[in-house]
Each structure stands twice: as structure tokens, then as C-alpha cells.
Amino acid sequence: MSSLISVSGLSKSYGSKKVLSGVNLSLNAGQIVGLVGPNGAGKTTCLQAILGLTDFDGDISVLGHHPRKDRVKMLNEVAYISDVAILPKWLKVSQALSYMQDIHPNFDIEKAEEFLAKTNIANNDKVKALSKGMVAQLHLALILAIDAKVLILDEPTLGLDILTRRQFYSHLLEDFYTEEKCIVVTTHQIEEIEHILTDVAFIQQGKIVLAQSTDDIKERFNLVAVTSEQVPQADELQPLFKNSMMGLTTMLFDSQDKETLQGLGKVTVPSLADVFVGIMNKETC
Amino acid sequence: MNTLIMKASIKKELWEFNGMLKWVPITLAGVFIFIPLLAVLLNGIDMSVLLQELVEISRELSRLTEMQQTDKVGEVFFVSAIALFTPFIAIGFIVQVYYFVTCLFDERRDQSVMFWRSLPVSDGMTIACKLLTGAVVIPVIFFGAATLLMLLMLVLAVVASVILSVGYDISLWGWFASADIISGIGYIWLSLLPTAIWLLPLYSWLMLASVYANKAPFLWAVLPIVALLVIEAIVVHYLNISQPFFGHFIADYFSLTPDNLASMAIEQEKSRSAALQLIIAQIDYRTVLVSTGLLFAAYWFRVNKSES
Numbered sequence: 000m001s002s003l004i005s006v007s008g009l010s011k012s013y014g015s016k017k018v019l020s021g022v023n024l025s026l027n028a029g030q031i032v033g034l035v036g037p038n039g040a041g042k043t044t045c046l047q048a049i050l051g052l053t054d055f056d057g058d059i060s061v062l063g064h065h066p067r068k069d070r071v072k073m074l075n076e077v078a079y080i081s082d083v084a085i086l087p088k089w090l091k092v093s094q095a096l097s098y099m100q101d102i103h104p105n106f107d108i109e110k111a112e113e114f115l116a117k118t119n120i121a122n123n124d125k126v127k128a129l130s131k132g133m134v135a136q137l138h139l140a141l142i143l144a145i146d147a148k149v150l151i152l153d154e155p156t157l158g159l160d161i162l163t164r165r166q167f168y169s170h171l172l173e174d175f176y177t178e179e180k181c182i183v184v185t186t187h188q189i190e191e192i193e194h195i196l197t198d199v200a201f202i203q204q205g206k207i208v209l210a211q212s213t214d215d216i217k218e219r220f221n222l223v224a225v226t227s228e229q230v231p232q233a234d235e236l237q238p239l240f241k242n243s244m245m246g247l248t249t250m251l252f253d254s255q256d257k258e259t260l261q262g263l264g265k266v267t268v269p270s271l272a273d274v275f276v277g278i279m280n281k282e283t284c
Numbered sequence: 000m001n002t003l004i005m006k007a008s009i010k011k012e013l014w015e016f017n018g019m020l021k022w023v024p025i026t027l028a029g030v031f032i033f034i035p036l037l038a039v040l041l042n043g044i045d046m047s048v049l050l051q052e053l054v055e056i057s058r059e060l061s062r063l064t065e066m067q068q069t070d071k072v073g074e075v076f077f078v079s080a081i082a083l084f085t086p087f088i089a090i091g092f093i094v095q096v097y098y099f100v101t102c103l104f105d106e107r108r109d110q111s112v113m114f115w116r117s118l119p120v121s122d123g124m125t126i127a128c129k130l131l132t133g134a135v136v137i138p139v140i141f142f143g144a145a146t147l148l149m150l151l152m153l154v155l156a157v158v159a160s161v162i163l164s165v166g167y168d169i170s171l172w173g174w175f176a177s178a179d180i181i182s183g184i185g186y187i188w189l190s191l192l193p194t195a196i197w198l199l200p201l202y203s204w205l206m207l208a209s210v211y212a213n214k215a216p217f218l219w220a221v222l223p224i225v226a227l228l229v230i231e232a233i234v235v236h237y238l239n240i241s242q243p244f245f246g247h248f249i250a251d252y253f254s255l256t257p258d259n260l261a262s263m264a265i266e267q268e269k270s271r272s273a274a275l276q277l278i279i280a281q282i283d284y285r286t287v288l289v290s291t292g293l294l295f296a297a298y299w300f301r302v303n304k305s306e307s
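Just so you know, the sequences run in chain order Y and S.
Residue 213 in numbering that gives the first Met the number 0 sits at position 214 of the first sequence, and the numbers go up by one each step.
Residue 135 in numbering that gives the first Met the number 0 sits at position 136 of the second sequence, and the numbers go up by one each step.
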């Protein structure tokens, strides 16, 4: 697999506050990577560094380009949706399409119009007249019509209702994703996109604490419903996380023998949200 | 590709400020057209009396010798053209200042800067297009509106001449020939680019304030200059320095004094080129140095200022 994005030793500080510290990532074609972390973990800064929108220490290569030095060339093949509704209010849909066609060598206006035809957005509408969900749809139409190799999404569905969120991700898979492309997405609603992710990277206090394929994660971690009699025995195996409710304790284990765990209780495959909570609470357990 | 991007970027600026750039010149032209009409209607002026007066004036004018016509008519036309263009230039300048102060600030305020910067358009190109729009395209729009109004008035003058010629046997056609219309309007249009270059330091400063300010960009554009002038004035006063450097620099660079204009007009055979000569004379190394420094600073902030 060819590496589309390579991040090595990425660090970034705002004054004395260290936001990113020695981040290493390698993203390949065909991957849909979830960059997941709590608020203030450094997700947006990491994405902005990858896009050349902020200066940084370390090495980043996106499709062989340096994000700061070759930003324009890089952006011909990289598309980005940020975490805020950032289309300007004065812009008309027709103007957005016309502008994109003029400035973007890889923009296919027919594809965007085809996508918009499936929505309630009219060509003459202004952004300020659209609902938040419609603005997201318009932005998605503009981005999906770019023949980009890398798509970066920073909380793209923030503030949208569940129907629009689901629509957003289903369009993403149907209209954009191919084996030659790579998608990086940050979201707080990890359970909603868990099924589309091929890989995840958990980021905490500016450091990547776990970066693995979702298949490997499901192999590596186990969730065990431990009965109260077995809790002392299970504690000896040093669970990442434990949660007691109504006399039943749920524990998350990292790289433990499955047969041993089955002796403690019912073993299930944890969701990515479970693993995320477990990893983030590791030190407090 | 670069030309296409430049055109698209300027088009984008015109879309963004569409209301202001369309309606201000139209309103101004409307004022010129409708105020005289309203005055006639509201004051109940008798049209036949007005026509009679026009006929009398035209008769007097047609009696002027050819020599008198050539000398005076061109000058009268040029002064009339200047009088017509002046409000458009003045209002256009206010619009320019507003544009420069907000052009880099508004996109950060509504966070659309993240969208624009996610597209393959360089920051250098963005700054250049915004500068070109503010310094050249906006004046072109206002000059164009004034020119169209002038043409409309000329059409009305032609119609009046036809009526006078056919109905009253008064010929004013010689006036059109000696009015030097194209040359008169041409001189005004010729001043557009030199003015843009002369005012480049001001435009660059306003762009810098626009890209730097997190709030109230107009205050950021004005207050540092005022503060600097006040501090310098205090320092000059207490240290008994002969004259303030910064204050003198600004006053000297931006002043087109009537004295200079008058002497230039005498030196030049025709006064119409005097203003143009004066503007060109103001452009020097200071224009290049200050503009380059300020534009680079605006570019640097656009590239490096964190928006999130």
C-alpha cells in the first residue's frame, strides 16, 4: 500500500502550551481513518498542520508535498471540510459552483449538480437562506465533486440531526470513497461512523496513544461482563477500564488470553467507543 | 490557469460586495438624474419658459466666434466633467476604504477563511486580487458610472441640439467638435492608475489592519496612526526637534495642495493634465517601500495567523 500522508515527529505549541507532541502517523490509500480524542486533544491542530494551515515542527508529507511549501499544489488533490459551517452567508449556490469550476482543476461541476439535484437546494439559493443541514450538504456536494486523493473531515456533522448525519456518511461512501483514496475524519460520535472506519488513531493531550486498524483493535481488546465473585480475580489481569452497574461489572482488557477471560464471564467484542473510553481512562483505573 | 484564478477571485470579491458596488453608483447616478427633474416638477417651472431660456442661451452661444469656442468650450466641458466625476470619485473612495478595511476581516469573522484556504488558491494570489479589486476595479466601477451618466447627458445634449437646429435654426454642432469630449474624459480616466499607485501605501495599511484585527478593524486602521502622531508630537515638543518625521512624511506624501496644482496648471499649457502630473509626481521610492512592507506584512498574517 502506498502512503498518502506521512506524519513524523509532529509537534506544535501555542506559547508555552504544547498542543501536539511527537505525533507519528502513516495513512495509506483505501483507509478511512478516525482521529478520535477528547476536546482539546489536538485533533484540529493536527489536521490543520496536515493541511498547511498552521506552522509546525516535524515532518509532514501529503501526496509527496510539504503542506506549507507546496500548499496550493497539494490542495489540488486534497479536500477539506472543517468543523464549523464555513461557507460564507452571501454566497449563492450557482456562484459556489462557478467559482469552484474556475479555480479547481479537479472539480467536476456536473457531479456537484447531480448531487445537489437529489437535495432541496436550488441553484439560486444563498447560503444564508439554507438550514445548517443544507449548508453541510452543499459543502459536501462541492467537496465530493473534487477528484481528490485525500479527504479530511474535521467534525463535519457537528450540530446536525441524526438523519442528516447518516445521509452525510452514506453519501461519503457512495460518492467519494474508492480504494485509491484516503479519508481522515474526526468526530465525537464515533459510534455512528464505527462501521465505516478501517483504522483509528486515538489522540490524548497531543500524543497518539493508539493507532491501529479496527480489525486488529477488535482482536486485541475484549469486553468482559464479570460477576461480582470473579471481580478480584479479574482485577489481577489489570483491566483498562471497569464499570459497575446493577451488580454486574464490565471490564475492558487489552491483549489478554481469550480463554482466561471466558473463565471470568461473558466475553464480547467492544465497540470503538468502549475502547476509546478505556484508553482515555487508563490512568484513572 | 493563473489568469483564470485571478478572474474568478475578482469575480468572487464583486459577488461579496455586490450590493454596495451595484447600488451605490446607481443611486448616485439616480440622484444626478432625478434631483433636477424633481426640482422642475416641485417648483412648478413652466417648460415653455424653460425652453425659451434655453433657446436664448443657445442663440448667444452660437454667436461666439470659432476662436472663442475653441478656447472656452473644451475648458468648460472639462470642468463640467470634473464636477460630475468628483462625487463619484469621492463616494468611490469611501467605498474603497470600507472594502479594504473589511476584505480580509469579514472572511475571518464568519470563518469562511477556512473554506477559502482549503482551496488551491495561494495566499499571495488572494492578497493580490483583493488589492486589485479595491485599488482598480472599484474605481473603474465608479468612473464607469460617471462616464455613463456623462454619455447620457451628451445624448440629451444631442437631442436638444437637433431640436434647436430643426426648430429654431440654431446650430450648436460646432460646440461638440470643440468640446474635446473624448480627450476630456480620457484625462480623467488616465488618472485612475496613477492614483491607485499613489494611494497604494494607504490601501496596503488598511489591508494590514483588516487581516490583523480580531475586532473593530476600522479602529485598528486609525488608532495606531493617531497614537503615533500624538506621541511624536509630544516627543518633538519636549525635545525641541524642528519637525515631526512621521507627521511630515504623511502630510508631504498625501497632500496635493492647491498651490502646487495652480503652479502646475500654469506650467502646463492645459490645466486638464495638471492634476495627473501632480499625482504622478507624488509617486516615488516611498510608495514602493511602504507598500511592499505593508503588503508583505498583510500576506504574512494571512498565512500565519491562526483562525481556529
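Take these hints with a grain of salt, some might be off.
Said to hold, decoys possible - The calculated DSS-like cross-link candidates involving lysine-lysine, where the alpha carbons are at most 30 Å apart (straight line), are:
hint: 1; chain 1: S; residue 1: 214; chain 2: Y; residue 2: 206
hint: 2; chain 1: S; residue 1: 6; chain 2: Y; residue 2: 127
hint: 3; chain 1: Y; residue 1: 265; chain 2: S; residue 2: 214
hint: 4; chain 1: S; residue 1: 10; chain 2: Y; residue 2: 148
hint: 5; chain 1: Y; residue 1: 68; chain 2: S; residue 2: 21
hint: 6; chain 1: Y; residue 1: 110; chain 2: Y; residue 2: 16
hint: 7; chain 1: Y; residue 1: 148; chain 2: S; residue 2: 214
hint: 8; chain 1: S; residue 1: 304; chain 2: S; residue 2: 6
hint: 9; chain 1: Y; residue 1: 16; chain 2: S; residue 2: 10
hint: 10; chain 1: S; residue 1: 304; chain 2: Y; residue 2: 88
hint: 11; chain 1: S; residue 1: 21; chain 2: Y; residue 2: 217
hint: 12; chain 1: Y; residue 1: 68; chain 2: S; residue 2: 304
hint: 13; chain 1: Y; residue 1: 72; chain 2: S; residue 2: 10
hint: 14; chain 1: S; residue 1: 21; chain 2: Y; residue 2: 72
hint: 15; chain 1: S; residue 1: 6; chain 2: Y; residue 2: 91
hint: 16; chain 1: S; residue 1: 214; chain 2: Y; residue 2: 16
hint: 17; chain 1: Y; residue 1: 72; chain 2: S; residue 2: 6
hint: 18; chain 1: S; residue 1: 10; chain 2: Y; residue 2: 127
hint: 19; chain 1: S; residue 1: 21; chain 2: Y; residue 2: 127
hint: 20; chain 1: Y; residue 1: 131; chain 2: S; residue 2: 214
hint: 21; chain 1: Y; residue 1: 17; chain 2: S; residue 2: 10
hint: 22; chain 1: S; residue 1: 304; chain 2: Y; residue 2: 131
hint: 23; chain 1: S; residue 1: 21; chain 2: Y; residue 2: 17
hint: 24; chain 1: Y; residue 1: 17; chain 2: S; residue 2: 6
hint: 25; chain 1: Y; residue 1: 88; chain 2: S; residue 2: 214
hint: 26; chain 1: Y; residue 1: 125; chain 2: S; residue 2: 21
If you are wondering where the hints come from, they were derived from the structure by calculation, not from laboratory data.
Here is what the structure says about each hint:
{"no.": "1", "hint": "S:214 - Y:206", "in the structure": "violated (34 Å)"}
{"no.": "2", "hint": "S:6 - Y:127", "in the structure": "holds (25 Å)"}
{"no.": "3", "hint": "Y:265 - S:214", "in the structure": "violated (58 Å)"}
{"no.": "4", "hint": "S:10 - Y:148", "in the structure": "holds (28 Å)"}
{"no.": "5", "hint": "Y:68 - S:21", "in the structure": "violated (39 Å)"}
{"no.": "6", "hint": "Y:110 - Y:16", "in the structure": "violated (44 Å)"}
{"no.": "7", "hint": "Y:148 - S:214", "in the structure": "violated (38 Å)"}
{"no.": "8", "hint": "S:304 - S:6", "in the structure": "holds (26 Å)"}
{"no.": "9", "hint": "Y:16 - S:10", "in the structure": "violated (41 Å)"}
{"no.": "10", "hint": "S:304 - Y:88", "in the structure": "holds (22 Å)"}
{"no.": "11", "hint": "S:21 - Y:217", "in the structure": "violated (61 Å)"}
{"no.": "12", "hint": "Y:68 - S:304", "in the structure": "holds (16 Å)"}
{"no.": "13", "hint": "Y:72 - S:10", "in the structure": "holds (22 Å)"}
{"no.": "14", "hint": "S:21 - Y:72", "in the structure": "violated (35 Å)"}
{"no.": "15", "hint": "S:6 - Y:91", "in the structure": "holds (18 Å)"}
{"no.": "16", "hint": "S:214 - Y:16", "in the structure": "holds (24 Å)"}
{"no.": "17", "hint": "Y:72 - S:6", "in the structure": "holds (19 Å)"}
{"no.": "18", "hint": "S:10 - Y:127", "in the structure": "holds (19 Å)"}
{"no.": "19", "hint": "S:21 - Y:127", "in the structure": "holds (20 Å)"}
{"no.": "20", "hint": "Y:131 - S:214", "in the structure": "holds (25 Å)"}
{"no.": "21", "hint": "Y:17 - S:10", "in the structure": "violated (41 Å)"}
{"no.": "22", "hint": "S:304 - Y:131", "in the structure": "holds (27 Å)"}
{"no.": "23", "hint": "S:21 - Y:17", "in the structure": "violated (49 Å)"}
{"no.": "24", "hint": "Y:17 - S:6", "in the structure": "violated (41 Å)"}
{"no.": "25", "hint": "Y:88 - S:214", "in the structure": "holds (19 Å)"}
{"no.": "26", "hint": "Y:125 - S:21", "in the structure": "holds (18 Å)"}
In this structure, the earlier hints numbered 1, 3, 5, 6, 7, 9, 11, 14, 21, 23 and 24 are contradicted, and the remaining ones agree with it.
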